[in-house]
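Protein sequences, first through last, are from chains V and B.
Going by this note's numbering, 18 is the number at position 18 of the first sequence; the sequence numbering is gapless.
Going by this note's numbering, 10 is the number at position 10 of the second sequence; the sequence numbering is gapless.
If you're looking for bench data, these hints aren't it; they were derived computationally from the structure.
The structure displayed is predicted, hence computed values, not measured ones.
Please note that the accuracy of each hint is not assured.
Chain B is nowhere near these chain V residues, computed Cβ spacing over 10 Å in every case [claimed, not checked]:
| no. | residue |
| --- | --- |
| 1 | Ser-15 |
| 2 | Glu-22 |
| 3 | Asp-65 |
| 4 | Phe-67 |
| 5 | Leu-74 |
| 6 | Ser-83 |
| 7 | Glu-87 |
The list that follows gives simulated cross-link-like pairs (lysine-lysine, DSSO-like), each with its CA atoms no further than 30 Å apart [stated by the list, open to error]:
| no. | chain 1 | residue 1 | chain 2 | residue 2 |
| --- | --- | --- | --- | --- |
| 8 | V | Lys-64 | V | Lys-14 |
| 9 | B | Lys-42 | V | Lys-64 |
| 10 | V | Lys-66 | V | Lys-55 |
| 11 | V | Lys-41 | B | Lys-42 |
| 12 | B | Lys-42 | B | Lys-106 |
| 13 | V | Lys-14 | V | Lys-66 |
| 14 | B | Lys-106 | V | Lys-66 |
| 15 | V | Lys-55 | V | Lys-20 |
| 16 | B | Lys-68 | V | Lys-55 |
| 17 | V | Lys-64 | B | Lys-106 |
| 18 | B | Lys-68 | V | Lys-41 |
| 19 | V | Lys-20 | B | Lys-106 |
| 20 | B | Lys-42 | V | Lys-14 |
| 21 | V | Lys-64 | V | Lys-41 |
| 22 | V | Lys-20 | B | Lys-42 |
| 23 | V | Lys-66 | B | Lys-68 |
| 24 | V | Lys-66 | V | Lys-20 |
| 25 | V | Lys-41 | B | Lys-106 |
Using C-beta positions, here's what the derived DEER-type ranges look like [what the hints assert, rightly or not]:
| no. | chain 1 | residue 1 | chain 2 | residue 2 | range |
| --- | --- | --- | --- | --- | --- |
| 26 | B | Asn-22 | V | Asp-109 | 23 to 33 Å |
| 27 | B | Glu-56 | V | Asp-65 | 41 to 51 Å |
| 28 | B | Ala-78 | V | Ser-15 | 47 to 57 Å |
| 29 | V | Lys-41 | B | Glu-56 | 22 to 32 Å |
| 30 | V | Glu-87 | B | Gly-41 | 16 to 26 Å |
We treat Cβ as the ideally placed atom computed from N, Cα and C, and that holds for glycine.
Residue strings, one per chain:
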Amino acid sequence: GAVVSQHPSRVICKSGTSVKIECRSLDFQATTMFWYRQFPKQSLMLMATSNEGSKATYEQGVEKDKFLINHASLTLSTLTVTSAHPEDSSFYICSASGRQGVQPQHFGDGTRLSIL
Amino acid sequence: KQEVTQIPAALSVPEGENLVLNCSFTDSAIYNLQWFRQDPGKGLTSLLLIQSSQREQTSGRLNASLDKSSGRSTLYIAASQPGDSATYLCAVSYSGGGADGLTFGKGTHLIIQP
Chain V
1 GAVVSQHPSR
11 VICKSGTSVK
21 IECRSLDFQA
31 TTMFWYRQFP
41 KQSLMLMATS
51 NEGSKATYEQ
61 GVEKDKFLIN
71 HASLTLSTLT
81 VTSAHPEDSS
91 FYICSASGRQ
101 GVQPQHFGDG
111 TRLSIL
Chain B
1 KQEVTQIPAA
11 LSVPEGENLV
21 LNCSFTDSAI
31 YNLQWFRQDP
41 GKGLTSLLLI
51 QSSQREQTSG
61 RLNASLDKSS
71 GRSTLYIAAS
81 QPGDSATYLC
91 AVSYSGGGAD
101 GLTFGKGTHL
111 IIQP
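Chain B with its partners taken away, still in its complex shape (with noise of 0.2 Å):
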């Protein structure tokens, strides 16, 4: 059974810091891997997906890396912002085609102190 670990379970840090948020997989054969946002009570907002070929993506403030043969992710966000508080979701996927759902780790809950 594939499994997704996400450390830490949750952070508080001040504004103005940059942070990495980590994601572990216990079977590297992945196709993909996203990063989400979940704010409370609401749906999933796709942050960065990054192929097994790839080694990170990037979208503004926001990077994801990605150690396949480690199984291994990184999401690092730069110069954090109130607005950043959510929590940050991982998810693998194992087929491509979007044939299979995702398996997703429980999520880091992230707090930006302004």
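So that you can see chain V by itself, here it is in the shape it has in the complex (with noise of 0.2 Å):
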């Protein structure tokens, strides 16, 4: 079956640094990716959509300006969190649908991002 890859799986950092989270499609072309986001006891909320060869559109109240998402190939797209406060805190997840609109969407494992 269709294989997305996340990684990091965990990171922790100091406020103010940046962090970079990248999602791949190992045996499918991924044309469209989705970045959703976590916080505890909530549900997944989608954050932005993120098109091979094309800006991503983000979700209301997502700040694009803070995180970054780059689909540069159909295999890979990546989320930079750009000056992570703790707020930001939270489990990060992708998923990825095929060319031919792939059924269910593949999801990532997540990655669970700690801002001290």
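Work from the hints to combine the two standalone chains into their complex.
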């Protein structure tokens, strides 16, 4: 089946640091990747939709200058949390959808980000 | 704004019992609905996907039903086992072709007591 790899699985860093998270589709071409965020005891909330070769589409309330998304190839999307602060601490998870609209979406294992 | 609600928020039952998890969504114009399992600190495992034209899907001890007109879905787990302990998430898609993200409920935290 389709596999999505997300790296790193856990990050602990100081406030003000920028953190990059990678999401790779290992055995299929992902024209669309999605980035979600999950705070404790909350549901996954869609942050942005990333389309290969074009600018990401951000959900309302998500700062595009803080959460930089790059989808430069059909197998890789990156999310960079710039100048991270403690309130950015969360569980970030990506999913990928293929050229033909592969359903269900395939999810990575997530990244636990902790900002001290 | 579409909302997905899951009831109960938490459930603890003895091993062997059959149980039902509920999911409701405010906008019935869904394309499909999925049930996921999430273990602590982990990603999501897709359990069942029901297209809007379908009424139910089955996989092993799991059965998911969909009543699109009333905006409801249920996940039935038969003969529960301690290994079924996890958070179960319901998510809906409002477009085909994988073009849009999913809208998730907050999940039901399930504990199966040995």
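Subject >> Numbers of the earlier hints that this structure fails to satisfy, in rising order >> reply: 16, 23
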